[in-house]
Amino acid sequence: MSESHAADHAHHFESVEHEFDAGKLGMWLFLVTEIMLFGGLFVGYGIFNYLYPEMFREAHHELNKVMGAFNTIVLLVSSLTMALAIAFIQRNDVKKSKLMLIITFLCACTFLVVKYFEYSAKIHHGLLPGHFFTNTDLQSANAALFFSFYFVMTGIHGLHVLIGMACIAWIYWRMNRGDFNAHKFGAVEFVGLYWHIVDLIWIFLFPLLYLVV
Amino acid sequence: MEQNSHNNTNKHTHHLVPFKVYVVTLIALLILTVLTVGVSYIDFGKGNIYVSMGIATIKASLVMLFFMGLRYDNNLNRAVILSSFGGLAIFFFYAAADSWTREKPKLVEVKAAAVAISLDELKKLELGSAELASKGKEIYNVNCASCHGTEGKGDGIAAAALNPHPRNFHGALSDWKNGASAKAIYVTLANGIPGTGMASYQTLPVADRWALVHYVRTFLSEKPASASGDAKYAAAIKADGIGGSGPAVKATIPIDFAIDRMTK
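Protein chains in written order, with the numbering used here: chain U, 1 to 213; chain B, 1001 to 1264.
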């Protein structure tokens, strides 16, 4: 970092700290909208689970608890490594911070690979929602509804995982370039917050889809 | 030492959380994950959802407090993120208040309609005759029209709320799950179609079902090929009076709920 201190922050901020605080507030506000996005799906899930408890009970047995639990653990570990990436950059340890970002990224890949196998099995069993629902093993009427929730909720969550991976890759690239140090690491912190909310949403999705009813 | 370090002085430093805190947080999260999976194998009835949501809330709190650093953040950020849960609570409250104060959908038992035709009468009627079809029409209007529509276009009053929508009998035959031969329609009536609103009508007398098959076939835009197979099947049914029976779908159908939603 040979740049002058003045170039450490955007010109419309007074200081790095000012920029950091503003950015962090913005990130929290964005996360509020994320919670609202998934909140709508959770409410819809709650209403239909209440209306058709027997159908939900039968349909959710199609999901693989072991794969769901495995993915939960993968995401929790990735949350730790993301937090550690920030902790290391706060201590000026760029090398270890980068390592933690790589592990986080690999955890995200693992999550998606497991998800791929789960989706394949569901599609193979004709459990795609709507017109594409061809499964004839489930006895309950309207069982396709459960899988509409399953695919929309895990699909939007999966999209967030992909976006998170792109952000982590971007942060890694910038860290490699020498953009961050103990004094200035706002972007790492904000991507971290995003990654934790992805984990947080899965913490609720897992029991609701795989375990409950 | 746990004071907010984020005041607005230029000299502030970021709070350094010890590594141990992160590791202990992960261990707690993993233990709670094992717990929630374990508990799911025990049946508490309605209690399961409260237990698992309780554990999930504790896990989420740990993630927010320590991984997301809310424990060390300033009050503005805390207020912002907590406001989202306040918003969600309002959302849940009104949705629940609405659902709980409405009547729950009851699954309608499919009951035998008044017998429109006896087996003896059936045996006298010609396969595909207008008389047989007109008997079928009576049964159809009582049992089927609410979903499939009086014209058989799949546009009955309850149709919109059923997923998948009821079959439009005028549409392409290639879409029909069991096919559109008389035998296939008879089997569909007997067994229903799992995973759809189509219930088993095994409770209808055989003769009624057979009359129904012929009425439904009057809607078809094209006639399926295997007419001779149908004739043989009809003969078999006439002979033993049983016809296609197999594992039946539950004879219940969520139509009263659907009608209720459509008409309110």
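Careful: at least some of the hints might be erroneous.
Stated by the list, open to error - Facing chain U, a subset of chain B residues (Cβ under 10 Å, in silico):
1. 1017
2. 1030
3. 1059
4. 1081
5. 1098
6. 1149
7. 1187
8. 1190
9. 1192
By construction, these hints were calculated from the structure, which means they are not laboratory data.
Fair warning: this is a prediction, and the values are worked out from it, not measured in the lab.
Virtual Cβ for every residue (Gly too), placed ideally from N, Cα, C.
Against the structure, the hints come out as follows:
no., hint, verdict
1, 1017, "6 Å, holds"
2, 1030, "6 Å, holds"
3, 1059, "5 Å, holds"
4, 1081, "5 Å, holds"
5, 1098, "8 Å, holds"
6, 1149, "18 Å, violated"
7, 1187, "13 Å, violated"
8, 1190, "15 Å, violated"
9, 1192, "9 Å, holds"
The structure fails hints 6, 7, 8 (numbered hints given earlier, in ascending order).
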